[in-house]
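Let the sequences and hints guide you as you build the complete structure.
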Amino acid sequence: MLTSRFFGLLAAVSGLAALGAACCHWVLAISYALPFTIATGLVFAFLCVVLFFLGRRSAGAENRMLFSNVFLGLTMVKMLLCGMLVVGYVLLGEPDNKLFIVPFFWLYLVYTGFEVYFLMKLSAVVAR
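Mapping to the UniProt record's numbering: the sequence shown position 87 is 87, numbers consecutive.
The set of hints was computed from the structure by calculation and includes no laboratory data. Even glycine gets a Cβ: it sits at the ideal position worked out from N, Cα and C. Do not take every clue at face value.
Stated by the list, open to error - Taking CB as the label site, the calculated pair distances span:
1) C23 - K98: 14 to 24 Å
2) Y32 - A61: 38 to 48 Å
3) N69 - G93: 29 to 39 Å
4) M65 - F105: 27 to 37 Å
Right under this line is the structure:
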């Protein structure tokens, strides 16, 4: 996958994620969580970029397990970071209700789906 194609798809996915998050904020009474939603979206987009470049670099490596190790390692880091974000927001932000998790899960699902897509495209290099 070319870098320009990746960034074009990332922009489209980010637009879809922002549209869904905006709908969540419009329908639910969670205006207090807008900074959390924006920060979460930026973190997920950044992690997609990091995973793309590390995955592309490891896809053509001599060690055929490197690609899998990079993917699994970054997935664990992402899950740990997600837990820290949510727990930190609950403890420090003291939200009015727990509905702030709805746009968080929306963003998580959208960006994780995109990661699966571009990693499958990158893994075609490993399979050859």
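Hints, verified against the model:
At roughly 18 Å, the beta carbons of C23 and K98 sit within the given window of 14 to 24 Å. Checking the proposed 38 to 48 Å range against Y32 and A61 shows it holds: the Cβ atoms sit about 45 Å from each other. For N69 and G93, the Cβ-Cβ distance of about 35 Å falls inside the hinted range of 29 to 39 Å, so the restraint holds. Between M65 and F105 the beta carbon distance is about 31 Å. The supplied range of 27 to 37 Å therefore holds.
Violated hints: none; the structure is consistent with every hint.
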